[in-house]
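A.B. asks: Just so you know, the protein sequences line up as chains Z and E, in that order.
Per the working numbering, the very first residue in the first sequence carries number 1; after that it's consecutive.
Per the working numbering, the very first residue in the second sequence carries number 1001; after that it's consecutive.
Wrong hints could be hidden among the right ones.
Said to hold, decoys possible - Result set (DMTMM-like, lysine to aspartate or glutamate): computed pairs, CA atoms no more than 20 Å apart in a straight line:
no.	chain 1	residue 1	chain 2	residue 2
1	Z	K127	E	E1013
2	Z	K442	E	E1013
3	E	K1226	E	D1251
To be clear, the hints were calculated from the coordinates, so they are not data collected in a lab.
Just so you know, these numbers come straight off a predicted model, no measurement behind them.
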Amino acid sequence: MEEILISKKIIDEFIRAIGKEKVFLDKPTRMCYSITHGPECILHENYFEKFLPDVVLIPFCTEDVKSIIMIANRYKVPIIPSGGRSGSYGAEGTPGSIVLDMCKMNRILDFNEKNYRITGEAGVRMKDLISYLKEKGYMATDWPASDEIATLGSRAAVNGYSWWDNRWGSAGTTIQGIEVVLPDGNVLQLARGSNIPTKSSVGWNLMDLFIGSKGTLGVVTKVTEKFTDYPSKAVNGESAFHTYEEAIKAYLELKKSKYSNTIWRLMCSVKEPNMFPLMTGKSWPKEIAMMLRYDIFGEPSEVNAMEKRVHEVFEENNGFRRPEVSEYVSWWDSRADQRNNINKSVAHYGTVNSLLAFSSHVFGGRINTNDYSAKPVYIDPNIPDDNLLDYYYEMRKNLDKIEDGKTYPNLAKCVKVYDPGAFIPGATGYNKMWIAMHVYRKNLNKKSREEFIDWFKKHAEIVWKFGGVLSSTHAWIPRELEPKFMEKTMGKNEYEFMKRVKKFIDPNNIMNPKIIF
Amino acid sequence: MRKYKILSLEEYEKQLENCVTCQCGLCNKDCPAYLEIKNLSVSPRGLSEIALGILQGEYEISNLSDEILYSCTGCRACEWYCPENIFISGKTREKKVSGATIIELLRSRKIEEGGNIPPKVKDALNNISKYGNPYGGLPKIKDDWVNSLNLEKKDKNTILYVGSFIPYEENAKKVAEDLVKIFKKAEVKFSILGSEEMDSGANPRMMGEEGLFEEMVEHNLELFKKYEVKEIICISPHDYNAFINYYENMDGISIKHYTQFLLELIDNGKIKFNKEINNRVTYHDPCYLGRSNDIYEEPREILKNIPGLELIEMKLSKGNSYCCGGGGTGLWMDIKGVHMDLKRADQINEVNAQIVAVACPICSVMLKSAMDSRGYDIEVTDIAQLVKESCC
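Only chain Z is shown next, with the shape it has when bound in the complex (with noise of 0.2 Å):
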């Protein structure tokens, strides 16, 4: 109890207002709370002295939440909303803060079949809400990767990635309403618009003022989102390419094809250094510069037409078939029963297909060897289609410097970089991308971590140079560097003016505060 900087008669405080069975003071609980399991704890040798919250909260409704933020606010003690951690960003547990785990808040509240609409508490697993959906008939627009643990909540809190985000957007254009209770205890329906998960033009659109805002304005406790008819048809394929160029010319034709809507999931990546001799104990096929894959899903005669269109588009870019990338899971099977299609990948080891298979299904996946064991770092810049392939070289050359050994001799001995790129969709005209490294924690000394983060500073210049922003996908940049970046980002006008807001709204700056500002 020593460590506790919140006082007794606050905790007390909380207990009397939401019950003792919510509050958590016990260290290994708030252990649990202290870092997310992103790219960030890497850079801390220690990071339980920077990370424990000094309690953890676990409200059951928007009343407890309620409860909850007027005391905190009232003593201005810091909170910090936690959704499923699966994410590399926000969480983290602060010395004298508060974790708000929404977990318990877990209900479906209401399923609209006629509005194509599902509403449910903030800590809804999407897991959850895809099988529901999906016992229905229907399926959900918003998908993220790391849908099993990730929650309705945190998908409106980040704006997250979806696998679907060239069809139907990321979760911020999924979600058509949110319920948010501000740091003064007062409790808000919004939508665009409108109070009701709907368009309007009436009103200002003070909903998309949370998504994203990582819990720095208020905490989210229902989301509204939408959702559409289970695809009556399926494919999928690939092709390998010589080439990079014509590898992404061949990206970029399909990106803008007639049915390209069509189109859920298209993806152009490489993944030869050290992923593939790491799990097959083979050497990459040397003639592969990249591999482009495809999922359609859709009515079937769109389908038809669109798989048609990719492989004119693959075979005008000289892009080949060889006999081992014959077996091809499909996304649909894989997320069906990850667990059995990792091992079906693994069982075909030695296919190039194989390996997109599990590392595009296993985002956490890893290779347990020598000490490259830990963690992939993702870092997603959101590049423009005319710049990509400029942006692909320049990134390239940076890239091959962390393991070089001269540019960054510490660094080169700690981190492996596993997957050099992979291209997706994001909006019109945009494409994610993301980079995964090797990294064993306990390998990194302050001169290594120095060098990464000199590594990172590069790669956003480069990011910026090309129209590109930090970071669009998995949302995380050095905590050191971001209110840096955050400037730069958002332009200093624009960043002043966000700080405007936030005072407006959290005067006493108890949401989220370590963050951004």
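Given chain Z, work out where chain E should sit, using these hints.
C.D. replies: For chain E alone, kept in the frame of chain Z given last:
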């Protein structure tokens, strides 16, 4: 050479790091303890954080609550889903990232450091130490029971390892008796070692009593050597798992779960079914047989061979099966808010089964009690009992 592999929390640090620095969280997604309690401190990922904190001197293990230490049943859903483990095969305890292994190590360290353990766990351990079984049953009872079975064709090369629950747990005893009847009919030459046979060590290991585990291993290995045992047929998946995954020096001894052995007898034509069992039957995969040892098909194949029986699958089956709650220390003590048995009973009820077939004495105890609590009219029957009913 040691009879089993010792693993310390320190040796497991890399696995802890792997989990703590991983964003995937798949270990938590179907962890029954976490799903029921909804507090990260009982989740595999949370346990990694806590164990790492203990290694870093952030927390004293002696202060860990019973809820944290004893909610895990060792179902290994976490280990099964963890992508880190996909390429690891063979004896895997020290290699795989696993919440169940973390819990074993934490329980073990707590006992090593002289920490308090819950009275019911302590009683079970004392009984194993004194009598070789957790119930405190007298050895004579076991010997008398074995004598009552009239095993004519004794062959100590093949033993039916009944484990430490039998004959002290009534239902498990009936299962063993039915198996004996089936074996007799199939003219299998085998023995039951009686009171010489003690707990395999599966129970002490999950309770964290490494010393007692070692004692059991030493004893059993000596016993197997003395009788030149070549084949062990286990009734309990927990014993099977202990022999397969925890014992060293078992070379030359074939270890089977009884469902594997029964299927061999069926395939060899030594068991012939002559009575129909016209029921809708679902099969509950024991965690220690399924996820821990990949034995999913043999029990199902046996059931499919029984005439008239309609086998239906639950939504959560095979690798995705939901734990009955009895593993680890679940049979001995209750943790507030953890009711895996009731949840599993609900899942069984959802498929309108008349019978749930089991292949583990612990699952049987847990599910029978859950069916009673819920008031479901579903019979909990061991596969051996169904086979006996149809063939004998």
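A.B. asks: Compare the structure with each hint and give your call.
C.D. replies: Here is how each hint holds up against the structure:
{"no.": "1", "hint": "Z:K127 <-> E:E1013", "in the structure": "violated (31 Å)"}
{"no.": "2", "hint": "Z:K442 <-> E:E1013", "in the structure": "holds (10 Å)"}
{"no.": "3", "hint": "E:K1226 <-> E:D1251", "in the structure": "holds (15 Å)"}
Violated hint for the displayed structure: number 1, the only one.
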